[in-house]
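Colleague: Order-wise, the sequence lines are chains A and B.
According to the numbering used here, the first sequence is numbered sequentially starting from 1368.
According to the numbering used here, the second sequence is numbered sequentially starting from 12.
These aren't lab readings, by the way, just hints derived from the structure by calculation.
Just so you know, these numbers come straight off a predicted model, no measurement behind them.
Heads up, a few of these hints could be off.
What the hints assert, rightly or not - Calculated from the model, a selection of chain A residues having no Cβ within reach of chain B, i.e. all distances over 12 Å:
(1) T1441
(2) K1464
(3) T1474
Stated by the list, open to error - Below, computed lysine-lysine pairings styled on DSBU-like, alpha-carbon distance capped at 30 Å:
(4) A/K1368 with B/K68
(5) B/K25 with A/K1409
(6) A/K1464 with B/K20
(7) A/K1435 with B/K68
(8) A/K1464 with B/K68
(9) A/K1409 with B/K82
(10) A/K1368 with B/K81
(11) B/K81 with B/K20
(12) B/K82 with A/K1368
(13) B/K81 with A/K1464
Virtual Cβ for every residue (Gly too), placed ideally from N, Cα, C.
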Amino acid sequence: KQEVTQIPAALSVPEGENLVLNCSFTDSAIYNLQWFRQDPGKGLTSLLLIQSSQREQTSGRLNASLDKSSGRSTLYIAASQPGDSATYLCAVINDYKLSFGAGTTVTVRA
Amino acid sequence: NAGVTQTPKFRVLKTGQSMTLLCAQDMNHEYMYWYRQDPGMGLRLIHYSVGEGTTAKGEVPDGYNVSRLKKQNFLLGLESAAPSQTSVYFCATWDSLNTEAFFGQGTRLTVV
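The shape of chain A in the complex, shown without the other chains (with noise of 0.2 Å):
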């Protein structure tokens, strides 16, 4: 059964720090990571996909990296703003099942 984690569970930084998000995951088959972005009482919104060949991906001021021996993702956020204050989940999809981790609540302080 593939677990992910995330550690941590909260963050809090000032505005303009880079973020740092770690995710984890116990089965390094994989098919592909997608990192997404909850806003309280909201959906998911997809922020990257990493497709298993893979080793980084980039958006804006998102990178995403996947080391897929050691079952490691990181989610970097540049600059952060007040803004990217939301909950971040990470999902791995291996035997066609997607597999979340609790998620990392941001809060950015202005």
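Once you've looked at the hints, dock chain B against the given chain A.
Modeller: Here is chain B on its own, set in the frame of chain A:
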């Protein structure tokens, strides 16, 4: 292009009542999933389907049933609702060609 649409968006049930949640997708994806999200517990897989006419149990299937009679629709049923089923329910779809998962906007269900 609507993507993934969940119906209804909100519902309040009394204990023992039944209801069906509908997930409809227009992306021709093979795989569809139902999750529930509870505070502090992340998203947990209830049931999933790998194609029309197929269903399989996920992590927390008890108290729920599902059907996938048409490729574009995945129904989640609660036969006798319990307060423990108060949650936010999300539907997701995925396809091995596109590889990105897409989610509906969620259904907030309260059982009193």
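Colleague: Holds or violated: B/K82 with A/K1368, Cα cutoff 30 Å?
Modeller: Cα-Cα ~27 Å, so holds.
Colleague: Could you grab the alpha-carbon distance between A/K1464 and B/K20 and see if it respects the 30 Å cut-off?
Modeller: Roughly 24 Å separates the two Cα atoms, so the pair holds.
Colleague: Under the criterion that the straight-line Cα-Cα distance not exceed 30 Å, is the pair B/K81, B/K20 satisfied?
Modeller: 21 Å, holds
Colleague: Measure nothing beyond the straight line between the CA atoms of B/K81 and A/K1464; if it is 30 Å or shorter, mark the hint as holding.
Modeller: 20 Å, holds
Colleague: Need the status of pair A/K1409, B/K82: alpha-carbon distance at most 30 Å?
Modeller: 26 Å, holds
Colleague: Do the alpha carbons of A/K1368 and B/K81 lie within 30 Å of each other, as the hint requires?
Modeller: Holds, because 29 Å separates the two Cα atoms, which is no more than 30 Å.
Colleague: Has the given pair, A/K1368 with B/K68, been kept, meaning a C-alpha gap of at most 30 Å?
Modeller: 13 Å, holds
Colleague: Is the Cβ of A/K1464 more than 12 Å away from each Cβ in chain B?
Modeller: 6 Å, violated
Colleague: A cut-off of 12 Å on Cβ-Cβ distance, and A/T1441 was said to be off the interface with chain B. Does that hold?
Modeller: 19 Å, holds
Colleague: Is A/K1435 within 30 Å of B/K68, Cα to Cα?
Modeller: 27 Å, holds
Colleague: Given the hinted pair B/K25 and A/K1409, is their alpha-carbon gap at most 30 Å?
Modeller: 24 Å, holds
Colleague: With the threshold set at 30 Å, check whether the alpha-carbon distance from A/K1464 to B/K68 stays at or below it.
Modeller: 11 Å, holds
Hint 2 from the earlier list is the only one contradicted by this structure; the remaining hints agree with it.
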